[in-house]
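**Q** Protein chains in written order, with our numbering: chain A, 1 to 123; chain B, 1 to 266.
Treat the hints as calculated values from the structure; they're not laboratory data.
Among the hints, a few may not be true.
Quick list of in silico lysine-lysine cross-link-like pairs, DSBU-like style, CA-CA up to 30 Å [said to hold, decoys possible]:
1. B:K162 - B:K245
2. B:K163 - A:K80
3. B:K163 - B:K245
4. B:K163 - A:K112
5. B:K227 - B:K245
6. B:K162 - A:K112
7. A:K80 - B:K162
Quick caveat, the model's predicted, so the values are computed rather than measured.
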Amino acid sequence: MTTRPSSITQSTSLADLLERVLDKGVVIAGDITVLVADVELLTIKIRLLVASVDKAMEIGINWWKSDPYLNIQTKQLIEKNHQLESEVAALRDGHLEAIQTRLEQLESAVNKPKAAPKKRNMP
Amino acid sequence: MKGHVLWVYGVITKGEEVWPDVHDVEGGGNFLWVPAAGLSALASPVEAQDYQDKVIQDHQDDTSWILPRATASAAAVASVFAHTAIIPLKFATIFSNPESLQERLATQQTVFHQTLEDIRNKEEWGIKIFGHIETCINRLAEQQLARVAEKNLSSGRQYLLKKHITQSCQPQAERQMRQAADAWHQVLLNHADAFQLGNPAQETRLEDGSIPLFKASYLIFRRDREKFLRLLMNLEQQENPADLKLQISGPWAPYSFCHTLFASGK
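Construct all of the structure, not just a fragment, from the sequences and the given hints.
**A** Written as C-alpha cells, this is what we have:
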C-alpha cells in the first residue's frame, strides 16, 4: 500500500489546554464558593467561568453552540433541519422518479418501430 | 481581607520535588512545596483579597483573569510532570494556609498515594478523529458507478443514477466513517492503560469541513509514547478506509485520569 503524507496534526491548542486545566483535575472538596476566611478551601465552579458566550468565543470555546443538549435553540433548529431534509429528499425522489418515467417513455417511443404510412386510396 | 492564601497546583510523592521553571499564577516565581504524610503539594501564595466571593464572581467571565492563570497553572503542572508523577488539582484550588493544606493531605493520604501509584510513569494523550463526508460519499458513489459502468447506460440514465447513488450514499458514508473511527479506538485501547471518552459534539469542524467523529483521552506508559504515536501514524496512513483525519495533543499530565477524591463534608 502506498504511503500518503500524514494529515495527523498536533493540536495542543488553547481549547485543549483549557478543557483540561479548567474542567479536569482532582477536586479535593466540593464546588464551594465562599469566603476563604471561613473555609479551608475554595473551588471556583469552572462551568461558570466560561459561561459568558462572547468571552468564551474569543478563546475558541463554543462547543455548546452545537451541543443540542445544552442549547434548546440549537436542538429545535436541528430537529427542523432534519424535517426539512426529509421533505427535500422526498420531493427530490419524486422529481427523479418523474424524470425517470418520462425518460423511459421517451426511450420506448424512440425504440418503437415506426408504423408503415397508411396507403391512401386514390380516387 | 488582608494577607495571602495558597493556590495549589498539584500533589506529588514527597522527596520528588523539583522547582518549576515557569511563572506562578500571579506572574512571579514564589512557589513552595508543602509536605505532609509522605506527600508534597506545589503551591504559590496569592493575595487573599483577590479571592473573596465578590471578587471571584467578578472574574467568572473575565478571560483576561482566567487565561493567564489557566496557562500558568498548566505550565507549572507540566514543568513538574516532566520529572515525576503529579496529581493535577482542579483550577483555582485555594487553601487558606499551609497548615490547612497539610491537614487535608494527611486526611486523604491513602487515596493520594494510591492515585500517584496508578499514574506513575504514565501520560495522557488527547485524540480527536475527523471525517470529510463529501470525500467519503464521492468515493462510495464512484465504487457503485463503476459496478454499473459495463451496462452501457445512456448518458441521461447515467446522470440520474449518479445523482441517486450520491444521495443514497450519505448515510452509508457517515456510518462507514463512524465505524472506522471506532475501529481505531479499539486498536488504541489495546495499547493504552486507560481511556476516557469525550463528546465529539463539543468540537468544531475543521477548516476543510471535516466533521468531528470521535474524541477520547488515553493514558499510556511514558516508555510506550513512541510506539503509540507510530501506531497512530500507521492507522492514519494505512488503515484508513474512510479518509479520516487525526488530531493529537499531548503529552499531558493525567488530568482526565485523576478522579474526584471526595466531596466537601464527606
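**Q** Hint by hint, where does the structure go against what was stated? Just the numbers, ascending.
**A** none
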